[in-house]
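Residue numbers (the UniProt record's numbering), protein chains in the order written: chain D, 1 to 772; chain S, 1 to 159; chain A, 1 to 291.
You may find that some hints are simply not true.
Computed Cβ-Cβ distance ranges for the label pairs, DEER-style [unchecked claim]:
hint	chain 1	residue 1	chain 2	residue 2	range
1	S	GLY85	A	PRO58	58 to 66 Å
2	D	ASP129	A	PRO5	31 to 39 Å
3	S	VAL118	D	ASN573	42 to 50 Å
4	D	GLU643	S	PRO82	38 to 46 Å
5	S	GLY85	D	ASN343	27 to 35 Å
6	A	LEU154	S	VAL118	54 to 62 Å
7	A	ASP258	D	ASP97	25 to 33 Å
8	D	TYR702	A	GLU245	48 to 56 Å
9	A	LYS189	D	ARG203	54 to 62 Å
10	D	ASN343	A	ALA228	50 to 58 Å
11	D	GLY441	A	ASP251	47 to 55 Å
Simulated pairs of lysine-lysine, DSS-like, Cα-Cα distance not exceeding 27 Å [said to hold, decoys possible]:
hint	chain 1	residue 1	chain 2	residue 2
12	D	LYS641	A	LYS234
13	S	LYS149	D	LYS644
14	S	LYS13	D	LYS641
15	S	LYS128	A	LYS234
16	A	LYS133	S	LYS128
17	D	LYS641	A	LYS189
18	D	LYS547	D	LYS600
19	S	LYS128	D	LYS641
20	D	LYS748	A	LYS284
21	D	LYS641	A	LYS284
22	D	LYS595	D	LYS547
23	D	LYS641	D	LYS547
24	S	LYS128	D	LYS644
25	A	LYS133	D	LYS644
26	A	LYS291	A	LYS189
27	A	LYS284	S	LYS149
In case anyone wonders, no lab produced these hints; they're calculated from the structure.
C-beta atoms are modelled at their ideal positions from N, C-alpha and C, and glycine is treated no differently.
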Amino acid sequence: MTIGARIPRVEDARFLRGEGRYVADLAMPFMVEAYVLRSPYPHAIIRSIDASEALKLEGVEAVFTAADVPADLGPIVCRIPTHGDLSPYLQHPLAQDRVRYVGEPIAVIVAKSRAICEDAAELVEIDFDPLPAITSPYRAIEPNAEPIHEAGNLAGDWGFDLGNVEEALKSAAYTVQESFSVQRHTAMPMETRGLLASYDRGRNLLEVHGATKVVHTNRNMLAGMLGMSEQDIRLVEPDVGGSFGARGEFYPEDFLIPFAAKRLCKPVRWIEDRVEHFGAINHSRDSDFVVTVAADENGIITAFDVKLVTDMGGYIRTHGDVVPSHAAACFPGPYKVRNYRINTKTVMTNKTPTGTYRAPGMFEANFARERAIDRLADKMGLERAELRRRNLIPAEMMPWHVGTESVKRPTIFDSGDYPAVFEKALAGYGWDAPFEREENGWLRGRGLCAFVEPSGLGAFEGVRLEVDQRGNVTIFSGSSNQGQGHETVLAQIVSSIIDVPVEKIAVRHGDTGIITFGGGTYASRTAVLCGEALYNASHGIRDKALKTASAKFNIPVEELELREGAVWQAGKNEPLITLGGIARILMPGNPEFLKPPSDKNIPDHDGLVVTSYIRGVPGGTWAFAVHIADVLVDPRTGETKVEKYFVACDVGRQLNPLIVEGQLIGGVAQGLGGTFLEELTYSEDGQLTTGTFADYMMPNVYNMPPVSTLVLEDVKPEGNVLGVKGVGEIGPSGVAAAIGNAIADALKSNTGLNILPFTPERVLSAVPTVTR
Amino acid sequence: MTLHQVSFTVNGKKVSVEVEPRQTLADVLRGQLGLTGTHLGCEHGVCGACTIIVNGEPARGCLMLGVQAEGAEILTVEGASPDEGLSLIQEALREFHGLQCGFCTPGMVMALHHLFSVNTSPTEEEIKEAISGQLCRCTGYQGIVNAAKAVAQRLQAQQ
Amino acid sequence: MKPAPFEYFAPRTLDEALDLLESEGSEARVIAGGQSLVPMLALRLARPEVLIDLNRIPELSRIRQEGSTIHIGAMTRQAHALASSLVFEQLPLLHYGLQNVGHPPTRARGTLGGSLSHADPAAETPAVMLAYKADMVLKSKQGERIIPADEFTLGTFDTAIEPGEILAEIRVQAKPNEGAALVELSRRKGDFAMASAAARVSLAADGTCAEAHLIVGAVAPVPLRFDAVTDALKGQKFSEAVVREALELMDLELFEFDNEDISLEYRRKIGPVMAERALLQAFKRAEGMQK
């Protein structure tokens, strides 16, 4: 059994040797390079575009503008259900007569080299008529605000109203009301996006390398937009330098580059540069909360009353409103609170459109809720863990129906013993252990948070498992991989069932040419959904092998077993036949087992091959987690030093603890970036002012505290056969909450620390005057 | 724009290429010499994915021009890898899960390669300083630092 | 992010470089370590028509001592200077300052002269040179000009270097036997500071302060010298209280920078704290030398 083994990853060697093949490493004969000319204005009418000078430049092949795309080409559609109709806000691949954010594609320039493209871009004359730019969602919904879209700037105004919040607020012994702001930041994978598209005009075949995340969905969207058959388009995922939710959605370029290749009948490669990436990739978070939490005199939380405003940017993209939707659906978190009300406003502004980033909506909601709960505890004079303890959903109330829904899926916390995990977390960290409150003038604080994180979402997943005549196994997976380690964990699942070493199991993924349907990778779903499809396929291979051996050797199946890559008869020292041997005799046309017919055709074998699809539980499976941190704060400067960080969670079952730990620690790093450093800021006139790595600061090694983890396997979810929960998003989800609480504890502060990121200046402003 | 013929040694092999002055060394290595292990994550010298060794010193491949490489001795991740398998540094990075998506990894390998070429027993602080200019979005650095500590221990044990 | 086209020259001597600078005129630009210029080229924020590369001029990259003067070639790599025992012993503040400059790969290429000529207000080297009252040696076809550090950095990305001139050398008086420290607050180590402080302290035989220098950087277009503070410290033994009292004399009106994310008010709070840390650390190091 290799499920659960802490083994190093099989895919690492090629990356370590520099032999990974990312999209920018791919090339084709006669390939040309593309460049996307983007709007320098946040909001403007395009009066005219003149590319004649650019086209004269030596090496320039073409300049495409909105006038070149088919007139009936619609906008890029949203791929998931939304709250209300968001179709008036969708984005066209190229700006038609108006631009709505800095970075919006206006033209595609194709030339012999990227440098020539950039030279040509300087020669394209565009006559803009600038309009007032709106960078604040509050300004956007003022009555006199310039409408960014004809339908207005308020894209959505919706919510939930469960139980009786009014009554609960009226009768509460304690209430706390606080505002929280989570800044705009995003995934920022180390590799920028890129595509290499080539078109075989004679056979009408289009091949696109560089797709990732949801290749089948994107292929289908592209087919619709190009008017092609889905099977005439192949999207292929190369090695991918990180996604974290933002990369791999259907972006304007995912139409434009294949479109250019098709028009030019030449391979066209587009490699996004980092500055482009800043303005073009989905931004995320950017949400403000006003939270009222009420409790009775015993510290039982009786209501959450929330107002949420999310800045959606200039357009609605493929993710729709999933970020505020998740936040609204899950706001009550792991607490048994039945009175819950939220009003959500999703607002259009002249900024880059938004989408998901690891723990979408959850990082935001957890920050607001858990900071508010600490305030409530302080107000009540109740120890902060104790307040949570009194309100956690007990195991016997599982599954817990929150009563909300997100993307038309009910919010159901399926399983877990939250109080037990909570106590183990506190004990594991030593929450109650005394500590020095002061050190060289710096103040020390300890903070925690508790939350529930969804995983395993999405309708389905599928795999095909093939064994060749040498006994090599190949997994063809409908899910994709951007660095998470699927090539190892998927192989581990198969290995544990058909007893073939991991080294003999290859994983192919993210390619519409190798499997007919695929769900893709998002929402920490691969272990849960692809894992089960693979579990079933592996058992299918096993059954097929045993049945074949039984028929071939005339031994009852019950006397046979599959181990060490072969079929054995019980009690015998030699195997009957290897898996490769079975694969060989099951090959169509092979005469060893199925004799050729003498008179008329007969059905043939289809190899030692099994395809398996799984339909997922709509609500997914939810992991409970606790984050705890110790933080030192300098009350004179607002400097902070996270001394140690701890994550505890129950994931049901670990497929590979090394990878689970890596996901948690790496996730914490991203959470710390969002807590302290990263922000996509805009000037009042709509320019992105943090548009390079010099001013958008991601954590480096010095920003990382030691992180320890306590990964429990106590309660297995019943919704999937492996009993697993996804771990991809547990790492970042609680960081801002735990850190904010720890800093507040250090400063004994009851103001501030409500606005992310926690810059030293903001931390300093939270220092109570007496301490300063 | 004048083209320049530039000759240098890369991974022990003499090469000669014709370049435009505006081409960065990283672009020359990747686009003209096929050494795609050197990655470009930002092209403005912050992320460190393109870190290579030039005349024994670490350098950002994106902040040197190809023309500046005339006569230089350059080592890239391809040259820092054994013919088969993994180097001590690479093996440790694998063992301690010091990589996920692999994009920053070549730069990280080269930064550590340089560190251990000048210091076989670095302290944790020296390890951190050596990789402080290398951004990794996946791992949180813990596995990388642990791997480097293990390399230091193993080098000590060998002596 | 590919630079606009330019021509490239790699002169072998300073004279050759100066000839080129003159003949190519105002569209020419010299490149030193390239750690700031190449990103600007890639972003097309800088678009010279001609680039004159100083990297192949050996005479510009030497550090040597003549009498009590340290001559630092402008093309001396930051990493080289950081590793230099001469620098560590004779110009300790430069050593500590360089520890805060960038990261190993950028220091390996980046030069002292490049950093000084770039004149980023948040950079460490201009503050260090101001603290040392260093002289900048500018060469041109017309000859040589020597500009003291306080007249060299004129503002944000602005120096006294005239067209046709190249910063060739920095001359600094050796300052062994003193304590030095450079302390800064930045959100991510190795990045530019929100406020920095450079301090030099030398002690009399009785352990009191004989001479001190204090520079605060990153709070105004040029680094700021605070002699009133250090004058008040002369003759005193340092303690937190003594230093804090002297820092009351810091003229915070001289601070200028006021950004949305780092306000002037905040810089005025942290500037004195950085100064206090730098002075105390420099004092401690000076004491260590006496022992």
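Consistency of the hints with the structure:
no. : hint                               : in the structure
1   : S:GLY85 with A:PRO58: 58 to 66 Å   : violated (41 Å)
2   : D:ASP129 with A:PRO5: 31 to 39 Å   : holds (32 Å)
3   : S:VAL118 with D:ASN573: 42 to 50 Å : violated (57 Å)
4   : D:GLU643 with S:PRO82: 38 to 46 Å  : holds (39 Å)
5   : S:GLY85 with D:ASN343: 27 to 35 Å  : violated (59 Å)
6   : A:LEU154 with S:VAL118: 54 to 62 Å : violated (38 Å)
7   : A:ASP258 with D:ASP97: 25 to 33 Å  : violated (39 Å)
8   : D:TYR702 with A:GLU245: 48 to 56 Å : violated (33 Å)
9   : A:LYS189 with D:ARG203: 54 to 62 Å : holds (56 Å)
10  : D:ASN343 with A:ALA228: 50 to 58 Å : holds (57 Å)
11  : D:GLY441 with A:ASP251: 47 to 55 Å : violated (25 Å)
12  : D:LYS641 with A:LYS234             : violated (34 Å)
13  : S:LYS149 with D:LYS644             : holds (19 Å)
14  : S:LYS13 with D:LYS641              : violated (47 Å)
15  : S:LYS128 with A:LYS234             : violated (38 Å)
16  : A:LYS133 with S:LYS128             : violated (33 Å)
17  : D:LYS641 with A:LYS189             : holds (12 Å)
18  : D:LYS547 with D:LYS600             : holds (25 Å)
19  : S:LYS128 with D:LYS641             : holds (16 Å)
20  : D:LYS748 with A:LYS284             : violated (33 Å)
21  : D:LYS641 with A:LYS284             : holds (24 Å)
22  : D:LYS595 with D:LYS547             : holds (17 Å)
23  : D:LYS641 with D:LYS547             : violated (62 Å)
24  : S:LYS128 with D:LYS644             : holds (17 Å)
25  : A:LYS133 with D:LYS644             : violated (43 Å)
26  : A:LYS291 with A:LYS189             : violated (32 Å)
27  : A:LYS284 with S:LYS149             : violated (32 Å)
Against the hints set out earlier in the document, violations occur for numbers 1, 3, 5, 6, 7, 8, 11, 12, 14, 15, 16, 20, 23, 25, 26, 27.
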